[in-house]
Amino acid sequence: MRCLVTGATGFIGGVILRGLQAAGHEVVAYVREGSDSRALSDVERSVGDLADPNRLAVAAARCDVMVHAAGIADPTADRETLGWAHVAGTENAINAAKKAGCKRMLHISCADVTLYDGPRSFWNEDEAPIRPLGALAQTKLHAEELVRVSGNRDFRTIVLRPALVWGPGDPTHFPGWQAEAKNGGVRLVGGGKKLLATTYTANLVEAVLRAIEADVPTGSVYYIVDTELSVARDFFTELCNTLGWSSPRKGGPHWWAMALCRARLSPLHPTQVIRRGQTSAFDMTKAKKELGYEPVVTREQGMAELGAWARQMRGTS
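Numbering-wise, numbering that gives the first Met the number 0 puts 0 at position 1 of the sequence shown, and it's gapless, one number per residue.
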């Protein structure tokens, strides 16, 4: 298949593009003008941005699938910026894919479209709070809804919801975690005793490979997570040990961490406090049944790959 990937210079988009390429698919990277796309020198590139649906349609010409992975992961970004990137950008991507004659659009969303200050214990795709917390979650959910209702018999849409995506080369979470580690340790909210859902990069790629060919109803949504469930304390302890960082440090109870955030006395954002201090565990039964998804990398294997990458980076710095 010929696949156009938006957000190809980003962490998740780049991982997906390389995964598609490794699986034998023809790939086209849609990159913003001025972005650093040197890592994609061996890939066909089309320059443009999500604000220009005409350029996007030209890039999608002759493509079977558009994988829409562009987005903003920073919960501190302002609502207007998030709205332009997630809502307007996704609407433009949908229109461009249709205009170009793509047969399928795969939208990379996130599990935090259901974020709220409470537990999400083994939630399936039908469970959701009345209103997700924060502009990031709300705009991502709005984008999802646009994708879900835009499909038809000739244009199938699918939404994937990974949890906390981790793996080598992560520029989204790792810099912040590393800064915390250097400043006393990654903070554990409430002792880090709550379940934390994660998605290793290779497992997300496996779900993408399944989804671009699966015969499923248009508008389908799937949680994509790792097999292993662990509490936040265990995940972050293993992560810090793997990367040679200091051990995580105990934090106060969840309510206290949130109070500090609201008083702007904490370096953490409320979204980060909830991720670390409230249970997140998602049911991937639907993805297994309908997509044939099975995680291909275990937590132990992922940590080994992460450690090898970290050692390589230290050796080249």
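Mixed in with the good hints, there may be bad ones.
Claimed, not checked - Computed beta-carbon distance windows for the label pairs: (1) 287 - 57: 35 to 43 Å; (2) 214 - 254: 24 to 32 Å; (3) 57 - 175: 32 to 40 Å; (4) 21 - 116: 36 to 44 Å; (5) 32 - 258: 42 to 50 Å.
Stated by the list, open to error - In silico SDA-like cross-links for lysine to any residue, where the CA-CA straight-line distance does not exceed 25 Å: (6) 102 - 147; (7) 249 - 220; (8) 288 - 241; (9) 192 - 147; (10) 97 - 192; (11) 192 - 141; (12) 97 - 63; (13) 192 - 171; (14) 287 - 31; (15) 249 - 147.
Read the hints as simulated data drawn from the structure, not as lab findings. Because the structure is a prediction, the values reported are computed rather than measured. The beta-carbon is built from N, C-alpha and C at its ideal position, and this holds for glycine as well.
Okay, the hints, checked on the actual structure:
1. Distance hint for residue 287 and residue 57: a CB-CB separation of about 37 Å, consistent with the stated range 35 to 43 Å.
2. Between residue 214 and residue 254 the beta carbons are some 47 Å apart, a value that contradicts the proposed interval 24 to 32 Å.
3. As the Cβ distance of residue 57 to residue 175 is approximately 37 Å, the hint placing it in 32 to 40 Å holds.
4. For residue 21 and residue 116, the hinted distance range of 36 to 44 Å is satisfied, since their beta carbons lie about 40 Å from each other.
5. Distance hint check: the CB atoms of residue 32 and residue 258 are about 43 Å apart, consistent with the given range 42 to 50 Å.
6. Using a Cα cut-off of 25 Å, the hinted pair residue 102 and residue 147 holds, with the two alpha carbons roughly 15 Å apart.
7. Among the hinted pairs, residue 249 with residue 220 is inconsistent with the structure: their alpha-carbon atoms are about 36 Å apart, more than 25 Å.
8. Of the pairs offered as hints, the one joining residue 288 and residue 241 is violated, with about 33 Å between alpha carbons and a cut-off of 25 Å exceeded.
9. Between residue 192 and residue 147, the direct Cα distance comes to roughly 35 Å. Violation of the 25 Å bound is thereby established for this hinted pair.
10. Only pairs whose Cα atoms come within 25 Å are accepted, and residue 97 paired with residue 192 is rejected, the gap being roughly 46 Å.
11. Straight-line distance between C-alpha atoms of residue 192 and residue 141 comes to about 31 Å, which puts the hinted pair past the 25 Å bound.
12. Distance hint between residue 97 and residue 63 is fulfilled; the C-alpha atoms sit about 11 Å from each other, no more than 25 Å.
13. Taken as a hint, the residue 192 and residue 171 pair is honoured in the structure, with Cα atoms around 24 Å apart against an allowance of 25 Å.
14. Distance restraint check for residue 287 and residue 31: the Cα-Cα separation of roughly 35 Å exceeds the 25 Å cut-off, and the hinted pair is therefore not satisfied.
15. This hinted pair does not check out: residue 249 and residue 147 have alpha carbons roughly 41 Å apart, beyond 25 Å.
Checked against the numbered hints given earlier, this structure breaks hints 2, 7, 8, 9, 10, 11, 14, 15; the rest are met.
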